[in-house]
Structures are given as structure tokens and as C-alpha cells.
Amino acid sequence: MHPLKLGIIGAGFIGTFHARALMQVRNMEIAGITSRTKSRAQALSKMVKKNGLGDGVVYSNITEMVNHVDVIAIYAPNFVRVEMVEEIVDAVKNGANLKGVICEKPLARNMKEARRIVEAVKGVGLKTAYFENQIFMKPIQTQLQQLAPQQKTMGPLMLTRSAEEHGGPHEPWFWDPTKQGGGVLSDMGCHSIAVGWYLLNPIGKPETFMQPISVSADCALLKWGLPEWREKLLKERGVDYTKTPAEDFTTGVITYKNPETGQIAKAQFTNSWMFEKQGLRLFMDGMGPGYAFEINTLNSSLEIFIGDAAAEVVADAETALEKSTASRGLLAVQYNEPDLYGYTDENEDAAKAFLAGKDASLFMGLWP
Amino acid sequence: MAAYMSSERQKTIDLTDARIQEELETYVPLIQQGKGADILYTN
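Sequences listed follow chains Z and V, in order. In case it helps, my numbering puts the first sequence at residues 1 to 368. In case it helps, my numbering puts the second sequence at residues 1001 to 1043.
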């Protein structure tokens, strides 16, 4: 069986992260790349070729790339996704033979845009994958396997708590709520809400089995609303939080109901762009009757220590951990972040599904 | 979207309410509209 030829739109942080994940995936090679920033596309192409991930041909636009690939992955900013999907759909209408389309989370900035995207891809019969990596995390899937007997005997989880936090995004557009769709709730709350809902579903039931009945949430601007941090943001990212701020902290509780038993379950989420530890941390835990699990991605089997005298030689702290905030002291190191965070497995899932002519496990329009 | 709505209105959103579901279809949070200063700098 020939591997799928993947065309990537967007060659920034997330596109490169997925390319790292594809080093561990069979059946998918990176055949094409297009980006509004040509230098980034060329840099990603170089990385793809160096690692034997595919031809990594740089195309000047989507329409040009579509006829040379089997699958398109949208890793471009949120505010251009509707028009990109419509360009892909137009190419399909004009004869392009695509097997599927992947979209990185979030699908869109609001419901109206999301509906347009889902209707457009369904209108031409495209198979889809919605990339919500945290559901595919090996610790998440492994606890499900390990605790399956407890779930079946004692009952499903009743409470989950999910948090993703770091010190703030890389790209300026993420900080602009009109482009990104909001602040940290839009950016990372979608992860934590999705994984919380997923975990509450009893084993064997579909992803939307538990029925959401209410949500109570709070958003606040804490660190990045302070004058000195607003100034730093304006200087380094070109975004003025005096005029158009977004939330850097959110928390909330979603209540779900089991439609068969009437049992109530709750999923709490917490997200921030003001996490003052080593770098990105994903934290999840779950409580069932008589059993529990906990995941903390800052716990690693590898820790390193770098003293002040040696700190100058650390060129890029992010080689140790995504969104790293420190280059000295006791540092947590995750040596395979694409795999830890679920990117490897979501790509594998999409490749298998598209080769079989099906939607991926998580597809566009799955969640209402 | 419902989480933003809850935060803006400072109340729990009933997701089983048909009127809320209809409203969410076209709802755009104030923060997304670029009006976040009105609600994030009030405390």
C-alpha cells in the first residue's frame, strides 16, 4: 500500500510539530507545503527532506498543491481557515482527487464559521479529521485500558479535571482575540473541555454519549493586563492589550448527564497563559467510584540541572520542553513531546482512516 | 462558545434550553469582537 501524500498548509510552530510527529507514523509522507511566509515553508521543507519524511515540495498556494497530494492538513491561523476550506472544496469541485482534509483545533472561531466549514466539506463528500491531540495521548488511552475493569464493575468516571497551561503563545496572532477567536479559553480551553467530555463517556460509548446540560465559566485578565506586561506584549508581539485584550486565565465546570441512567458527572477545566513553571504543563485527573488516575506532563523520567555558569550555552530552552520559560536550574525534559501529547497517534488514526476511505475517529462536525 | 457566554453574563448557561442553543449559533463573544476591555478591566 502506497503512503498517503500529505500537503501541509502553514509552516509555523504547529506545522513543524506535526512534521516531528510524522517521523513516528507509517502510511503518511509530507509531499507538499504551502505557507504565506515562504521562508518558513522552505525551512520546513528542508527539515522534511533531511528526515526522509517526503518530498516536501513548496507550493505557492493551496490550489497549486491540491492536485499533487491525497490529503490536506490545515495548520494555518484560525482567521483564515474558512477561506482555505472553501478554496480546497472549490478544487475538489474542479476535479482534485482528495482523500481527506485535516484541521487542527479549534475548527473555527465561532459556531457560524464552524458550520460553514462542516457544510462545505460534507457538501463535496470529503472525509475529515479534526485534530484534538489530547484525546490521543498515550497516558489518557493507557489509563482507559488499565481502569476498564474498574469502570465496568464500579461505574464510569464522575469527575474529571483538565488543565493546559503555559506562559503564552508563540505567534502574535494568537494574542489577538479578533484573529484567534479569544484568549486562552479559545486557544487551550477547547483541549481541556474536549478531553474532559471524552473521559466522562463510559467505555464503549461514543464521544458525544454524555449529554452536556450546563456550563459555568469565568474568564479573567491577570498577568498580561498589568502595565509592564502589556508593554512587553506590545513591544515583542505588536498586540495592544490596552485596547483589545483577551483573557489569560479561565476556569469552569460543565455538567453532563448520562442519558441512560440519569447519572450526573462534572468536568472542570482550567487554562492559563500565566503559568510560571518550567514550560507547558498538561494536567488531567479523574475520579470514579473507588478508583482514580492522574497525569502531569511535567513529571519526566529525565531531569537535567544547568547552573548559572553553564546557562549561556543553552541556545534554545524549547529543545527541552514546549513553551519553556527557563534555561537554568532543575529543568524537566520531555524527549518525545509529539508522542506524549498525542500528535503521533492522531496522525496515525487519520492516515488509517483515510486509507480505508473513512472519517478519522474525531471528525469535523462530531461535536455539536 | 457557551463558556464565553457564561463568563460574560456571569451566570450558568443551560445548554438544554432551545433558545440558548439557537443564540449560540450566531453568538460572537465580546472578547472576540475586540471589546474585551469592557469586561476584562472592570474589576
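Among the hints, a few may not be true.
Here are the simulated lysine-lysine pairs, DSS-like style, with alpha carbons at most 27 Å apart [claimed, not checked]: (1) Lys1035/V <-> Lys352/Z; (2) Lys243/Z <-> Lys1011/V; (3) Lys1035/V <-> Lys112/Z.
Residues on chain V that point at chain Z, a partial pick, calculated with CB under 8 Å [stated by the list, open to error]: (4) Ile1013; (5) Glu1022; (6) Tyr1027; (7) Ile1031; (8) Tyr1041; (9) Thr1042.
These are calculated hints, taken from the structure and not from any lab test. By construction, the Cβ of each residue, glycine as well, lies at the ideal position given by its N, Cα and C atoms.
message: Need the list of violated hint numbers for this structure, in ascending order.
response: 1, 5 and 9
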